[in-house]
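Peer 1: The primary structure of each chain is shown beneath.
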Amino acid sequence: MKLLPLILKNVFRKKARAILTIGSIILPLLVICLMGTFLRLLDRPDPAETRGMFRIVTRHKVGLASPLPMSYAEKIQQLDGAFAVTKFNWFGGKYIDNSARNFFARFAVEPETLVQVFDDATITQGSATDWFNDRAGSLVGEDLMKKFGWRIGDQIVLIGDIYPVTIQLTIRAVYQLPDGDSDALFFNREYLEEALPSFQGKVGTIWTKCRDGAAATRLSDEIDQMFENSPYPTKTETEKAFQMGFVSMLGNVKLLITSLGTIVVFVILLIAANTMALSARERIREIALLRTLGFSRVTILMLTLGESLMLALFGGILGLGLFVVGFRPLKASLINTPLSGFATAMTLFPEVLLLGLAITIFVGLFSGLVPAIQASMRPITEGLRHIG
Amino acid sequence: MTNPLIIVENIVKKYHRGAEELTVLNSLNFTVHEGEFVALMGPSGSGKTTLLNLIAGIDRPNSGYIFVGKDEISALSEDKLAEWRSRHIGFIFQTYNLIPVLTAFENVELPLLLTPLGKSERRKHVEIALSIVGLADRMSHYPRQLSGGQEQRVAIARAIVTDPTLLMADEPTGDLDAKSAEEVLILLERLNSEFKKTIIIVTHDPKAAARASRLVRLEKGILKEDIPTESLDSARFAEAASVFVEARPK
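Taken in order, these protein sequences are the chains called Z and H.
To convert, take the position in the first sequence, counting from 1, and add 896; that gives this note's numbering.
To convert, take the position in the second sequence, counting from 1, and add 2; that gives this note's numbering.
Fair warning: there could be bad hints in the mix.
Straight-line alpha carbon distances no greater than 20 Å define the calculated EDC-like cross-link-like pairs of lysine to aspartate or glutamate that follow [as the list claims (entries may be wrong)]:
hint, chain 1, residue 1, chain 2, residue 2
1, Z, 910, H, 185
2, H, 16, Z, 1278
3, Z, 1227, Z, 1090
Simulated restraints on C-beta separations [claimed, not checked]:
hint, chain 1, residue 1, chain 2, residue 2, range
4, H, 16, Z, 1218, 41 to 51 Å
5, H, 46, Z, 912, 38 to 48 Å
6, Z, 1163, H, 196, 58 to 68 Å
7, H, 12, Z, 1178, 36 to 46 Å
8, Z, 1162, H, 46, 40 to 50 Å
9, H, 12, Z, 916, 50 to 60 Å
10, Z, 1163, H, 147, 37 to 47 Å
11, H, 136, Z, 1162, 14 to 24 Å
12, Z, 1218, H, 19, 51 to 61 Å
13, Z, 919, H, 192, 44 to 54 Å
14, H, 19, Z, 1269, 23 to 33 Å
15, Z, 1159, H, 74, 52 to 62 Å
If you're looking for bench data, these hints aren't it; they were derived computationally from the structure.
C-beta: ideal position from N, C-alpha, C; glycine also.
Extracted from the complex, chain Z is given alone in its bound form (with noise of 0.2 Å):
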């Protein structure tokens, strides 16, 4: 401890490079949070184990612009081991303009077997009993009442785009998922039928909540193997597959962020390294003198690699604080964007920052380790003979 503040004066020594390398460690600290956020959001438990929902997903095995027939829901209520079912169509449409900010994920659904399956929810405004009383009501997300400012009662119209028709819905119900993904809005199919008698018959995705996690796993297989033969082959996932399956279209996420996340660390570990050689270059008399008054090799390494760390603990826990303050506007902010989806279940993971603090310590340990070998075993009159 008594040489802490010898650390902290080479630190700052040149003022100008600490400031720059604390930053070349900030920023690049954030985009690496930020992928975290993203990885751990992909790599979240199931809900359907954890919280014991057990949801599976059937869709068109072709994709999910392909419809299939309302009779399929019927079908596999009657599996053993299916306990609700309820069934999806996503509307699209546009909420008075078609820019980012209003996009919001609307689906048209079947109001009681909705709340069966997704038993989950609960309901913080309104009730579910005015909804499903209400044929042309609908059903928000805490998160998109607090987006838009909506209330109770207020009216909501969505121009449709895949189906010409526009609907005017009233807001009778809110709810609120566990996990706070609550940002898409919901409304009778009855209401949609009526309005486009073509709809009828169609039904984008089957939602089942099955009696426990074998019957989950069984149906899956058992679902698929049903409709294999029927011109309306059907895939079945459990709901954090389908979910995944939508960030598979991309290709390997998970990969590419790992891959991203690990050439940052690699630049700053560089970054930080090159301040370190220049700095340990720069003071080899110094470091000789210490010898000389008769800091020992090991002294001479502790100081070295306390100063790398240091360096880049100043960066890491300043990158960490503009993280956590920031995180919130950033949510915010990404909420008007494509990135929506990803926004509205970002959460402040504390993993991802003790994987912020891990990757700092190790930068600053690794960024000074060559330099302080390198200091450490310089002969003293080698070092006091040279001119820096």
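Based on these hints, arrange chain H on the given structure of chain Z.
Peer 2: For chain H alone, kept in the frame of chain Z given last:
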């Protein structure tokens, strides 16, 4: 005569420059007694700084023995030698070697960081050392705020703050103007006479050598002359010095 403090026996020191081997000290024998003030003189390359470094334990001989007090420092491990230096050696350099980001106080305090002394004790020691060199009022000044002479006096305070057995000075007046050099020499003389410090000084300056009690002259790694300075008159000093100066590379 006091007890021998330093005994150098058959010291050989060689350096390698590529394939070439240079013998800097060749079977040198040398003794310094407690309380002596020894001036090492000789042309550049004669081995005087190498001898100083060997006695200070910052370099190692190829063969031979160096005893300082009861310690055979030529046989100590790297870590033991570092610890030994911190207790027994005060080193003064030609270029002061103060750390620019530390104040005069902090520079002087550096060697004390290796001791178990607490903060208040360290402060007391530093204040005493700085007052001995006449810079008690410059404690919070950074090296850039001091003159060359003041910087060297801070360096001397750093060398004496641990009350070492030996003070080693490598051309301590080499970078100073005549007035500052004189002040530093007076200070060294005082440390020797008043504080009984054993001092070895490497110098090309006859005025500096005249302050010493003994003059040792090296040439090509061999001890050529070892005489008490009181036996030399000023003419002989000037002559000795001129020999050295002429011998220095132009």
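Peer 1: For every hint, state whether the structure bears it out.
Peer 2: Hints versus structure:
1. Z:910 to H:185: 34 Å, violated
2. H:16 to Z:1278: 14 Å, holds
3. Z:1227 to Z:1090: 38 Å, violated
4. H:16 to Z:1218: 41 to 51 Å: Once the Cβ atoms are compared, 57 Å apart, the range 41 to 51 Å for residue 1218 of chain Z and residue 16 of chain H is violated.
5. H:46 to Z:912: 38 to 48 Å: 40 Å, holds
6. Z:1163 to H:196: 58 to 68 Å: 60 Å, holds
7. H:12 to Z:1178: 36 to 46 Å: Roughly 40 Å apart at Cβ, these two residues keep to the hinted range, so it holds.
8. Z:1162 to H:46: 40 to 50 Å: 48 Å, holds
9. H:12 to Z:916: 50 to 60 Å: 55 Å, holds
10. Z:1163 to H:147: 37 to 47 Å: Given range 37 to 47 Å: holds, Cβ gap about 40 Å.
11. H:136 to Z:1162: 14 to 24 Å: Roughly 54 Å apart at Cβ, these two residues miss the hinted range, so it is violated.
12. Z:1218 to H:19: 51 to 61 Å: Given a distance of about 53 Å, which is inside 51 to 61 Å, the answer is holds.
13. Z:919 to H:192: 44 to 54 Å: 51 Å, holds
14. H:19 to Z:1269: 23 to 33 Å: 25 Å, holds
15. Z:1159 to H:74: 52 to 62 Å: The hinted range 52 to 62 Å holds for residue 1159 of chain Z and residue 74 of chain H, with Cβ atoms some 55 Å apart.
Of the numbered hints listed earlier, those contradicted by the structure are 1, 3, 4, 11.
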